[in-house]
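Engineer: So the sequence lines, in the order shown, correspond to chains A and B.
Those letters in the first sequence? Residues 1 to 137, by the numbering used here.
Those letters in the second sequence? Residues 1001 to 1677, by the numbering used here.
Source of the hints: derived by calculation from the structure; they are not laboratory data.
Backbone N, C-alpha and C define an ideal beta-carbon position, used for all residues, glycine too.
Heads up, a few of these hints could be off.
What the hints assert, rightly or not - Distance windows between CB atoms, simulated:
id: 1; chain 1: A; residue 1: D48; chain 2: B; residue 2: R1336; range: 47 to 57 Å
id: 2; chain 1: B; residue 1: A1324; chain 2: A; residue 2: V23; range: 26 to 36 Å
id: 3; chain 1: B; residue 1: L1082; chain 2: A; residue 2: V23; range: 49 to 59 Å
id: 4; chain 1: A; residue 1: D71; chain 2: B; residue 2: R1556; range: 30 to 40 Å
id: 5; chain 1: A; residue 1: S62; chain 2: B; residue 2: H1566; range: 52 to 62 Å
id: 6; chain 1: B; residue 1: P1390; chain 2: A; residue 2: Y9; range: 30 to 40 Å
id: 7; chain 1: B; residue 1: S1004; chain 2: A; residue 2: D71; range: 54 to 64 Å
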Amino acid sequence: MRNRRRRTYIAVGMCVGAVIAIVALIVVLSQNIQYFRTVSEAVANRHDTSQFRMAGAVVNGSVKPTTAGVDFKLTDGKATAEVIQHGNPPELFKDGAPVVCVGHWSQNGTFDSDQILIKHGNDYTPPVVKQPAASKQ
Amino acid sequence: MKASLGILGVALGASSAGLGICVLARGLWKHEDRWLIVGRRFVFGVLGAAIVAVAAMEWALLTHDFSLQYVAENNARGTPLLFTITGLWANLEGSILLWVLVLGGFLAFTAHKFRHRATDPLVAWANIVGLAVALFFFALMLGPANPFRTLSSPPLDGSGPNALLQDHPLMAFHPPLLYLGLVGFTIPFAFAVAALITGRFGEGWLADTRKATLIAWGCLTIGIILGAWWSYEVLGWGGFWAWDPVENAALLPWLTATAFLHSVIVQERRGMLRVWNLSLILSTFCLTILATFLTRSGVLNSVHSFTVSDIGPWLLVFLGVVAAASIGLIFWRGDRLRSPGKIDTPVSRESAFLVNNLLFAGLAFVVLLGTVFPLLAEALQGKQLSVGEPYFNRMTTPIALLLLFMMAIAPALPWRAATADVLRRRLLLPAYAGGATMLIALALGTRGITTVLAFGLGAFALGGIVRQFAVGARARRRAEGEGWPTATRHMIGANPRLYGGLVVHVGIVCIAVALASFSAFTVRREVSLARGGSATVSGYTITYLGNKTTSSAQKRSVSVELQIHHGGSDLGVYAPAISTFPGTSDGIGTPSVRTGLLRDVYLTLVSSPNQKGRITIGVDINAMVVWLWIGGFVIALGTLLALSPRVRRRVRPEPAPLADTPTPEPPPTREPEVVGV
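All chains, please: the whole structure from these sequences, using the hints.
Structural biologist: Okay, structure coming up:
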């Protein structure tokens, strides 16, 4: 009898533990999902101020170095966004470069980016970036 | 010529594997031992064929024979010798070649080991499974991943291996070791399937394949650590582990295999956890196939997805077949698998192993979910997303700390039941060591509960291990009148598996402490410098001396010379660089690292001199990274120790009871620590 009760306690305890673990897992997972959006998808979702990755190509002649980093325009051929990058861009950042910016929309409609990833071995490049050859303006 | 030789090798391998399966199957069907004895030999045919194919490829690489498409794509005349040889695994098709070579080696090793038991149906079935896996990979090379495709008009020069792969000699060791690890799990998998089919779950096969499992585990561990090292030395982002899908892919089978290595001890000792162990080994193999799929199919973009190919569906189908067969077999045999033993009390060695296993399985689940979630989301919702590093860090840290805690207490717990007295005697001192470490860490200004806990638990575990060694050696010394070194040697020789395992634990402590320090104390800064200018980051002064451009047939590099001063002493000149390789437009940064026992100064060239001559460099002060590599070395040492044969001494009976005594707990008059696994 005592044994059975103990087993019940253990079973209930394990179930509660498992439920807590799964809830924690789902919460942490959902907090850390970053969507990839092309510039036009991102522009269509401008109301969403959570962090995501925006993929596009740097508009030729739009790059302006600032004290904090660099300002430039990003396009996917259909839509264009103004990006304010905080921190130094990587070595291969230049006009026309296919890049992924990690950041979020700011209040005044510009994209605040903390990180620029270049199509480069160790950085993620979503397949969409490779397509917009029409981005040269 | 070379292409024909290579194709011949592949075809021979495939037919050896196919014929071997048929002959063995006939032998099993008709109960004719003759056929089983002959069938076994085909394993050596597979190995021979793989050697021929690999030799043909290496020959073609070394002679820069660009009529082979693979050579033209992964080699150039300017490629140095080392990277010409490693070109074998620079790309998908070549790595499948390496895969079959390693598999052939493992199969032949096992077939040789079981040469006197070739007529045993269990061994025959295991050979069939092994050959079937080999057949699949040979078939891949005959079909979608043919490494010996020829070009009708060979180019004058090849394009060379991917730039990232020809920058560091670690590339020569990381992939082969990883393959030795991943492929090696085919052996226990084959025996597990054979045991399920024949219905013989006696613990024999576990012990018999222990060596192959341990070799595979050791190679996988070292392969993963070398991969992290390569990433640290080459990729130049300052870290060594990014939860990249392909890194995770190698980690997943490691987690289940580590769980298996532990829980198998429970099965050997108590006959429990049979279904669990079989599931672990089957899922380890499935995860190695998943790893190949993730790495080689191009579904996930990562540092390793150098090739996009059409073998994805093949691997996915193979994975599906293996997984379905595994699950089916376990359900079919489920009723026969019921264990005779059961856990008596929650505070015992076996329940500690059980908790350890649940934690490892939980860890594997967390990593698996984060890794395949983007794939699932894209398949189900059509959305592209990625799972950020914080998910992995936040979910794995608590589990890892719990595992560290288990590692500290589990080796001290006796089998079946523990008494408070035994626990006090074995754990009090190490626990004090852990507590003191935490207090010291806090006093020295360490903040962050995770870091402090990791240090404390590390010291706790280390204290327990040191105590176990000391007590064992002391008992031996008293009983035999030997000196400390001799006593220690004999003690290890009498139970290499236990002490090898404990040495591996020491390596794990090193790695845990290194990870905790790295995440807590690392400082990173980006600074822009003009020539002659200097900047100070956490007490290290970096001065920009000048830059240099070098060109060779292999690459063109811009490097900057940076002098490091720390507290008035000159630490030397370091030169991070950016290199461009012919045939690619990408620049590859080469960091320059000043390694120290406590701190690394990690310098990267972020952007080369601009018109005004200013450069931007990244300065990372990384804490205790070298202990990761030291930990890896210690793990290798421990694995070798655990693999060494047990020394039986005939002169006198063992002074202390060893693993095989099934007595509950030795009388309290004697130090019972030597009781182990």
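Engineer: Honestly, which of those hints from before does the structure not fit?
Structural biologist: The structure conflicts with hint 5 only, although it agrees with all the remaining ones.
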